[in-house]
Each structure stands twice: as C-alpha cells, then as structure tokens.
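Number of protein chains: 2
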Amino acid sequence: MAEPARLERLERRVRELEEELARERRGRAAARARIDTMSAEVTDSNPYSRLMALKRMGIVKDYEKIRTFTVAVVGVGGVGSVTAEMLTRCGIGKLLLFDYDKVELANMNRLFFQPHQAGLSKVQAAEHTLRDINPDVQFEVHNYNITTLDNFEHFMDRISNGALEEGKPVDLVLSCVDNFEARMAINTACNELGQIWMESGVSENAVSGHIQLIIPGESACFACAPPLVVAANIDEKTLKREGVCAASLPTTMGVVAGMLVQNVLKYLLNFGTVSYYLGYNAMQDFFPTMSMKPNPQCSDHNCRKQQENYKKKEAARPKEEVIEKEEEIVHEDNDWGIELVSEISEDELKAASGPVPELPEGISVAYTIPDKEENLITGETVAESEESLEELMAKMRNM
Amino acid sequence: MAEPARLERLERRVRELEEELARERRGRAAARARIDTMSAEVTDSNPYSRLMALKRMGIVKDYEKIRTFTVAVVGVGGVGSVTAEMLTRCGIGKLLLFDYDKVELANMNRLFFQPHQAGLSKVQAAEHTLRDINPDVQFEVHNYNITTLDNFEHFMDRISNGALEEGKPVDLVLSCVDNFEARMAINTACNELGQIWMESGVSENAVSGHIQLIIPGESACFACAPPLVVAANIDEKTLKREGVCAASLPTTMGVVAGMLVQNVLKYLLNFGTVSYYLGYNAMQDFFPTMSMKPNPQCSDHNCRKQQENYKKKEAARPKEEVIEKEEEIVHEDNDWGIELVSEISEDELKAASGPVPELPEGISVAYTIPDKEENLITGETVAESEESLEELMAKMRNM
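The listed protein sequences correspond, in order, to chains S and P.
All residue numbers for the first sequence refer to our numbering, where the first residue is 129 and numbers rise by one.
All residue numbers for the second sequence refer to our numbering, where the first residue is 129 and numbers rise by one.
No wet-lab data here; the hints were simulated from the structure.
Any given hint could turn out to be false.
Given that identical chains are not distinguished, each listed pair holds provided it fits within a single copy or across any two copies.
[Said to hold, decoys possible] List time: in silico SDA-like cross-link candidates among lysine to any residue, alpha-carbon distance up to 20 Å:
1. Lys183 - Met411
2. Lys189 - Gly221
3. Lys193 - Leu248
4. Lys183 - Cys373
5. Lys189 - Ala374
6. Lys296 - Lys440
7. Lys230 - Thr171
8. Lys433 - Glu152
9. Lys296 - His244
10. Lys447 - Ile163
11. Lys183 - Ala234
12. Lys193 - Pro446
13. Lys189 - Gln412
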C-alpha cells in the first residue's frame with residue numbers, strides 16, 4: 129500500500145477508535161452532574177423528586193437533612209453493599225466503607241456486585257459503582273480488617289473524626305459483617321466512644337436474619353446478652369459444622385438491608401417508630417420485634433460506664449419526659465428488660481436457664497458466651513485477643 | 129514529522145486504542161462463561177455455591193430445579209427490576225419482562241438502574257444488565273403496554289406459550305406494576321388462563337407495601353375483593369390528589385421485592401410456608417399476613433368459572449387431602465374466607481359495611497369498586513374499556 133493511503137487509513141482508524149472508546153467510557157461514567165441543592169421539582173431529570181415527595185406526603189419533615197449525615201458501613205458483602213447502595217440513592221451526605229475482601233464470582237448470588245468486578249477489592253468496586261449512581265455522596269473507603277490492632281485504632285479514629293466535617297464523629301455505624309469477632313470489635317469501639325450503631329445479620333442457612341439498634345448505656349450491647357437470632361425451625365447442629373459453606377440468598381439479604389436502611393432513615397430523619405430489634409423468619413414470614421435493657425453485669429466495662437452515664441442523664445431530665453422514655457423501651461417486671469413491641473403476649477415468654485435471657489417466641493440465641501472467657505471480649509483486650517477469639521469462635525461452632 | 133516516524137506513531141496509537149477499547153469492553157461484558165450444570169463445589173469462582181448450599185443446609189431438596197422454571201415480570205420499575213435481578217442471580221431458567229417506560233434520572237432513588245441508562249427502555253436496559261450478571265438465564269423482553277387490545281392479546285399468548293419449552297405456559301406471572309388498570313389486565317388474563325400469579329404493590333407515600341398470591345378459583349382474585357393495602361396510619365386523602373408525584377424509597381421497594389421473590393422461591397422450590405398475603409407497614413415494622421377465599425359473586429366470569437373447576441377438582445380428591453387443604457387456607461365462619469395466619473385474634477376482626485371484606489388490623493382496602501361499573505373490569509371488555517377504566521380510576525382517586 130502506498131504510504132499516503134496507509135497514513136490516511138491509519139488516521140481514520142485512530143479517529144474511529146477514539147470515538148468508540150469515548151462512547152464506551154461515556155456509557156460507564158456518571159451520566160449526571162452534581163446537584164447543589166435537593167429540589168422537589170417533578171421532572172424526569174430530578175433524581176431526588178420521589179424522595180422530596182416524602183415531605184408533601186407528610187412522612188418526613190425535612191428530607192434535605194439527609195445530606196448532613198455520615199454513616200459508616202462495616203462489611204460490604206451481601207447486606208452491606210445493598211445497604212450502601214440504598215443510602216447512596218437516598219442521598220446520604222457521606223459514607224465510610226470498611227471491608228478487606230475481594231469480589232468473587234461466588235458472591236454473584238447476592239445483589240450489587242457484577243461478574244466483571246471479580247478480583248477487585250469490595251470497597252473499591254463499591255465506591256466506583258456508587259459514585260456513578262450518585263456523585264453527590266462523599267465516599268471514604270478502607271480496605272482492611274478492623275479487628276487487627278493497628279486497623280482497630282484507625283477504625284476508632286475514623287468513626288470518631290470521619291464525618292462530613294472532619295473531626296466530628298459519624299452519625300451511625302452499621303455492622304454488616306459476617307462473623308462474631310468483627311461484631312465484637314465494633315461493639316467494643318462503640319461502647320468506648322458512646323457511638324450509636326445498628327447490627328445486622330443473616331443465618332448460615334440463609335432463611336432468617338435480624339437488625340438491632342444499640343444505644344450504648346440505653347439498650348443492650350452485643351456483650352450484654354448472647355447475640356440474638358430468629359429461630360430457623362431447623363436443626364441448628366447442621367449449621368455449626370466446621371468448613372461448611374454458608375448458604376445465602378439475595379432475597380433474605382435484600383430484606384435485611386431494606387429493614388436496616390429503613391431503620392436508619394427513621395432514626396436520622398425522625399419519622400415512624402425506630403425498631404430496637406426486628407427479626408425476619410423467611411420460612412414462616414414472621415417478623416418478631418422487641419427491645420432489651422443493658423445488662424448491669426455486662427463484661428464490657430465501657431458498656432457499664434455508658435449505663436452509669438445514661439442513668440445520670442435520665443435522672444437530670446424533667447420527670448414526665450423520663451417516664452415517657454421508660455415506658456417506651458423498658459419492661460419493668462423482667463430482669464432482662466425485654467419488651468414485646470407486638471405479636472407475642474407476656475404469657476408466651478418462656479423461661480430459659482443459664483445466661484440466656486427470656487425471649488419471645490421465634491427468637492433464640494446464636495450461642496452463649498462462656499463465663500470464664502468473658503475477659504476476651506472486653507474493650508481492653510480486643511486487639512491482643514485475636515487468636516483467642518478465633519479459638520472461642522471454633523468452640524462456639526462446635527456447641 | 130517524517131512519514132515513517134508518523135506511520136510508526138499512528139500504528140502504535142492504533143494498537144494502544146485497540147487495547148484500551150478491548151479492556152473497556154471486557155469490563156462491561158459478562159466476565160464469566162455459561163455454566164452447563166449447577167455445581168455445589170465450594171470455590172470462589174462458582175456463582176452457584178451459596179445457592180446449592182441450601183441443599184446441604186436442609187432448606188431446599190432440589191435447588192437445580194430452579195433452572196427449569198420460567199417467570200414473567202410485568203413492570204420493571206422499583207419493585208420489578210429488583211425482582212428480576214434477584215431471580216437472575218438465583219439462576220432462574222427464563223425471564224419474560226414487560227414494560228413500556230424509559231429509564232429516567234427520577235428513577236435513581238430506587239435500586240437497579242444507573243444514571244448512564246437514562247433514556248433507554250427499561251426492558252432493554254434491564255436485559256443488558258441482567259445478561260451480564262448471569263448469562264445462563266434466558267431473557268425475552270417486550271417493550272409495550274399490556275393494557276391495549278393488540279398488546280393484551282400478545283401478552284396472553286406469551287404467558288401461555290413463552291416457557292423455556294416454547295408452547296408451554298410460564299410457571300408464574302409477577303405483577304410489579306404501579307396502576308390499577310395494568311393489575312386488572314393481568315388479573316383478567318390469569319383468570320382466563322387459570323394462571324397462578326403474585327401481585328405486589330407499594331403505597332404512594334412509600335412507607336407500606338404488600339405481596340399477594342392468587343391461584344385462580346382457589347384464592348381471591350383482584351376483582352373478588354377491593355385491592356388490599358397495609359394501612360399507612362396517615363390521612364389517606366392526601367394521597368389521592370390528581371397529579372401529585374408519588375414518593376418512593378429504595379428500602380420499601382427492596383423489602384417488597386425481597387418478600388415477593390422469597391415467596392416465589394418457596395412456591396417453586398417447595399420449602400417453607402408460601403404466604404397468600406404479606407403486608408409491610410414500614411412506620412411500625414408491622415407485617416400482617418392473611419388469606420382470602422374467592423368471592424362467589426366475583427364480577428369476572430372467568431374467576432367464577434375457575435371457582436367451579438376448583439370445587440370439582442377438590443371434590444374428586446381423596447377425602448383427607450381435601451380437609452387438609454381446606455384447613456390450610458379457608459376460614460369457615462367468615463363470609464369472605466379471611467384466615468388470620470398470625471398476629472391478630474378472631475375477636476379483633478371488625479365488621480365493615482358494603483362490599484368491603486372484614487380485614488385484620490393494619491390492612492385496609494385501597495378503594496372500593498362501584499357495583500354499577502363492574503362490567504368494565506370483566507374479561508370480555510378489558511380491551512374496549514380503556515377509556516372507561518381511566519374514568520373509573522379518576523373516580524377512585526377522588527373517593
């Protein structure tokens with residue numbers, strides 16, 4: 129081929145390829161510019177019109193306030209990723225994401241991640257997708273395991289200082305992790321900092337789950353009582369075998385993420401009734417609710433300290449207000465302060481032996497914490513106890 | 129620049145661009161090949177390991193059977209898109225999607241669609257994303273409104289013949305539409321065909337929703353009783369104004385889609401208890417369940433025909449089996465056959481006047497259907513009654 133013709137052909141090819149590449153990239157990039165002020169204007173191009181309509185419908189007084197809040201999501205798996213996506217689409221101000229896993233094809237049976245992201249870190253893949261969905265949200269991602277000494281300290285620092293206004297604490301911490309050790313680390317951090325958080329969990333057989341609101345000093349922490357789960361009505365022993373691959377379903381995890389973020393919205397934007405505990409039994413479509421007072425003998429000394437602070441604060445409040453509050457979440461004639469918000473009558477509470485609280489029908493404990501090892505899960509030893517906690521977990525699995 | 133150097137530079141540029149383009153396209157395309165047989169192998173690269181684990185956990189006997197089923201999803205909006213994604217990730221055999229809307233930025237407050245898809249038809253955008261997520265699923269999409277005459281006939285034809293094996297009916301139809309007319313069209317089609325379907329809905333104030341299983345002749349159809357909604361505990365009049373932009377939340381829609389697909393999985397794979405009606409009141413975290421017998425005076429003559437067929441079928445069954453079935457879903461001392469599956473005692477049922485059935489606490493009717501116009505919503509007139517149905521809906525909005 130003559131050189132001028134060859135040059136011309138190559139130049140044309142470069143132009144074609146540049147155009148195709150630009151088109152591909154346009155397709156993947158965020159298709160909208162940032163929006164300075166949330167508007168209720170009803171147009172097809174307004175991503176906030178259906179959220180701002182909550183004001184007109186009389187549900188939320190001040191929806192725009194969502195932009196002032198920062199939420200930390202620990203664990204960006206089946207529940208955490210959907211939780212982060214829901215908050216992003218709702219227009220939350222800032223999200224902090226913590227995870228140390230990589231996306232795998234084995235995660236494709238749950239919502240959010242896509243096969244082409246396999247191999248990427250979960251927090252990076254999530255940040256990329258979420259930024260495209262809503263460029264108005266600020267993201268801060270940490271690709272590490274919060275339970276190791278250095279990381280735990282950094283995690284404490286970020287939830288204390290990582291709000292939209294640097295130096296201020298986040299508004300909520302959400303636990304979307306899949307193991308006991310990480311939950312205990314979050315519990316320890318939040319008890320020390322007096323940080324309000326919500327717990328979430330899905331059973332290994334994929335057919336039950338729960339969410340729980342923990343206000344240090346006011347409601348039971350994760351160390352106050354054995355972790356609660358919704359009874360799955362199947363032989364629990366089959367779930368505890370070592371090395372068994374846990375089952376999971378996008379349905380159960382989607383419902384739990386939805387219940388969790390709904391509770392977050394109700395808590396942050398002050399509408400409806402915020403649930404202290406809401407369970408989901410998918411086999412029977414049963415959703416038990418309850419609330420629990422903290423345990424005065426809690427093994428976490430920071431929880432006990434927060435309980436003292438709460439008592440002092442309550443005592444200092446005007447009388448009526450205190451009574452109203454007490455009636456709302458505390459049940460006096462029950463050592464563990466369990467209150468049945470609905471569904472189950474007091475008579476249906478059944479006694480349980482040992483360190484297991486009385487629980488409404490349909491809720492049971494995931495495992496009981498051996499007394500002699502209780503020091504392992506207090507605040508001071510979270511960092512050093514890494515190996516022992518693993519031992520503890522192995523024991524629990526064999527119970 | 130000398131011509132040889134220019135040629136070399138251009139050739140290098142073409143190679144670079146081709147590589148970049150290939151990388152971009154690899155990123156967007158399905159990152160996995162098709163999988164012939166579902167395996168329970170526990171590896172990071174097996175997208176079905178966590179689903180097949182349901183067998184080991186004793187929840188589902190034959191999970192692989194999911195691949196033999198075809199489900200039609202009508203309406204690919206806030207609930208329908210997540211419903212289709214969950215079924216795709218669960219490895220359903222074939223999905224039929226029906227919608228005539230385009231993706232808009234105003235949809236970004238719900239899960240699934242992304243800003244770069246704005247302007248595309250919902251069914252095409254959904255098919256593209258879902259194929260990437262799971263190339264093992266077969267898709268058939270229809271970008272039309274099922275309520276017009278021609279489209280309604282085509283819709284009937286596809287649900288009668290569109291299964292994996294062409295010529296066989298789909299296993300389930302899921303209604304994820306947002307209006308009365310489309311629900312009535314699905315109801316009419318399913319009554320005529322004897323097609324089992326599930327209804328779903330979310331209130332205009334975004335804080336309640338429900339799912340409902342309709343087995344023609346066996347449980348109440350959409351025309352048997354006024355459509356049921358979960359009471360929202362707010363002034364319903366504020367919701368019925370013309371031209372008001374409905375509010376929506378990714379949380380409520382995610383929960384409703386999760387409840388719906390969970391019910392689909394339980395129904396198709398034969399585990400747990402399939403719910404006839406499950407409501408969701410997000411303000412109080414209240415989830416009422418119930419079931420309802422068909423109305424012998426239903427305005428849809430095909431519903432009445434299906435009721436006769438069901439009675440004959442039941443009469444022909446061995447005696448014990450019939451009794452068991454009756455006890456399961458029918459409540460004898462109640463005209464409307466409402467059975468309370470949980471939560472509410474019989475005493476709590478309150479009487480209602482007119483064509484409104486007695487309902488458990490927390491459930492109310494969306495609107496009542498005027499008697500004199502009942503012919504408009506029977507099978508024979510669905511196509512011709514388009515304008516009149518709009519008038520009917522306008523009247524209902526003003527009730």
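Now the hints, each set against the structure:
no., hint, result
1, Lys183 - Met411, "between (36 Å within a copy, 15 Å between copies)"
2, Lys189 - Gly221, "within (18 Å within a copy, 45 Å between copies)"
3, Lys193 - Leu248, "neither (33 Å within a copy, 32 Å between copies)"
4, Lys183 - Cys373, "between (45 Å within a copy, 11 Å between copies)"
5, Lys189 - Ala374, "between (42 Å within a copy, 16 Å between copies)"
6, Lys296 - Lys440, "neither (24 Å within a copy, 70 Å between copies)"
7, Lys230 - Thr171, "between (39 Å within a copy, 14 Å between copies)"
8, Lys433 - Glu152, "neither (56 Å within a copy, 54 Å between copies)"
9, Lys296 - His244, "neither (37 Å within a copy, 34 Å between copies)"
10, Lys447 - Ile163, "neither (45 Å within a copy, 66 Å between copies)"
11, Lys183 - Ala234, "between (41 Å within a copy, 16 Å between copies)"
12, Lys193 - Pro446, "neither (28 Å within a copy, 62 Å between copies)"
13, Lys189 - Gln412, "between (36 Å within a copy, 18 Å between copies)"
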